[in-house]
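From first to last, the protein sequence lines are chains X and G.
Take the position in the first sequence, starting the count at 1, then add 13; the result is the number in the numbering used here.
Take the position in the second sequence, starting the count at 1, then add 13; the result is the number in the numbering used here.
Treat the hints with caution; some may be incorrect.
If you want the footprint, here are the derived chain G segments under chain X, 3+ residues with CB under 8 Å [claimed, not checked]: (1) 37 to 46; (2) 134 to 148; (3) 173 to 182; (4) 190 to 202.
FYI, nobody ran anything at the bench for these hints, they're computed from the structure.
Backbone N, C-alpha and C define an ideal beta-carbon position, used for all residues, glycine too.
Below, each chain spelled out in residue letters.
There are 2 protein chains.
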Amino acid sequence: MGMKKGQQTKQMILGRAAALFNTEGYTKASMSDIMSATGLEKGGIYNHFGSKDQLMLESFDHAVTVCGNRIKEMVDEQPDSESKLCAIVDYFTMLAVNPPIAGGCPLMNTAIECDDSMPELRNRAKLGITRFLRFIEKIILDGMGTGELRGDLNPADLAPMLVASLEGALMLGKLYDSQAKTNAVARFWKDQIHSWKRRASK
Amino acid sequence: MGMKKGQQTKQMILGRAAALFNTEGYTKASMSDIMSATGLEKGGIYNHFGSKDQLMLESFDHAVTVCGNRIKEMVDEQPDSESKLCAIVDYFTMLAVNPPIAGGCPLMNTAIECDDSMPELRNRAKLGITRFLRFIEKIILDGMGTGELRGDLNPADLAPMLVASLEGALMLGKLYDSQAKTNAVARFWKDQIHSWKRRASK
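With the rest of the complex left out, here is chain X (with noise of 0.2 Å):
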């Protein structure tokens, strides 16, 4: 069973505009961008969402849920808290390269471009954070639990590291429009979290 034709709009709609919006910044891509992307007239986006800012928030929640879904995909494959972890630096490296969506990382993009302004999309790109710091927390947790990784990690103090390393790398991936400084980060945190494993008692 399909989705309705207008379901179906909309959903292009979403994901026009969040490849616009990841690449261009909110404040940048006018709605008549916005209807050349779609092809729509503006009465056929303003069908379906009622402001730009309307748009602007579900096209951030849908740039989120399909990214959060990929990286969730690379993790939940992989069978122990290591290659996990592993896999999310694994994400960063391909979000250069073959982003889910055009742009990079919509909540660091979000997170920089609305510090000042846009309060609601800057809560939004909090939250999406906040959960992906748990998500790598409780990773970290869950290894440390059945005694894969070492017991003395802050996983609140790594978490954070991590994301930050990643995001940042990738900001020096798009600028440079290179993959070495990217590359060297993602092996830095591969031996890193090589080195979190419990060692095995002799």
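Chain G: place on chain X using the hints.
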């Protein structure tokens, strides 16, 4: 001997425009915002800068010079590589609470805003980051040269790792309006940097 009046006005415009662009973004801050911030008429600004583009470029250079001077000052007064690298960490902690230019790091803000547009600003941000990476690499290399730091370090990998995570941490601090996560990243790096010291042979 003070600056001539015209020169003083130009510097005043640069200081206020730099803060505005660094807080609001280059696209969002308009000429009328700059008129309000400086208390000048449009003609009084165009008298010193031929266009908004010209003002944006000179404001960016001004912001980078001010921030670059501050970080060099903090680093130069340290006696060895470990404390110089820790001073760079401290500079980022300070950027969140008492930045030399309002709005945080002009390199990261510009890099992110101008990734897919405004190529001249993007090139200058790239050059700024490249210089900053070289500056950090040189501190690590100097420490390896004197035997203070371990010989197996890879400065070309560590410098982008340090910059990526400190810039990312700054973003998290701004988003949460809290230093907790930034401080966690600073602690992580100070421990890391300490571990780069060559162990005294016994």
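message = Using C-beta distances, would you say chain X covers the segment 134 to 148 of chain G, given that this needs three or more residues below 8 Å?
response = Coverage by chain X holds for the segment 134 to 148 of chain G (4 residues, Cβ < 8 Å).
key: Verdict on chain X covering the segment 173 to 182 of chain G, where coverage means 3 or more residues with a C-beta closer than 8 Å   = Per the Cβ count (9), the hint holds.
task = Quick one: see if chain X covers the segment 37 to 46 of chain G, three-plus residues with Cβ-Cβ under 8 Å.
result = holds (count 4)
8 Å C-beta criterion, at least three residues: is the segment 190 to 202 of chain G covered by chain X = Held - the segment 190 to 202 of chain G has 5 residues with a Cβ nearer than 8 Å to chain X, which meets the minimum of three.
Hint compliance for this structure: every hint is met.
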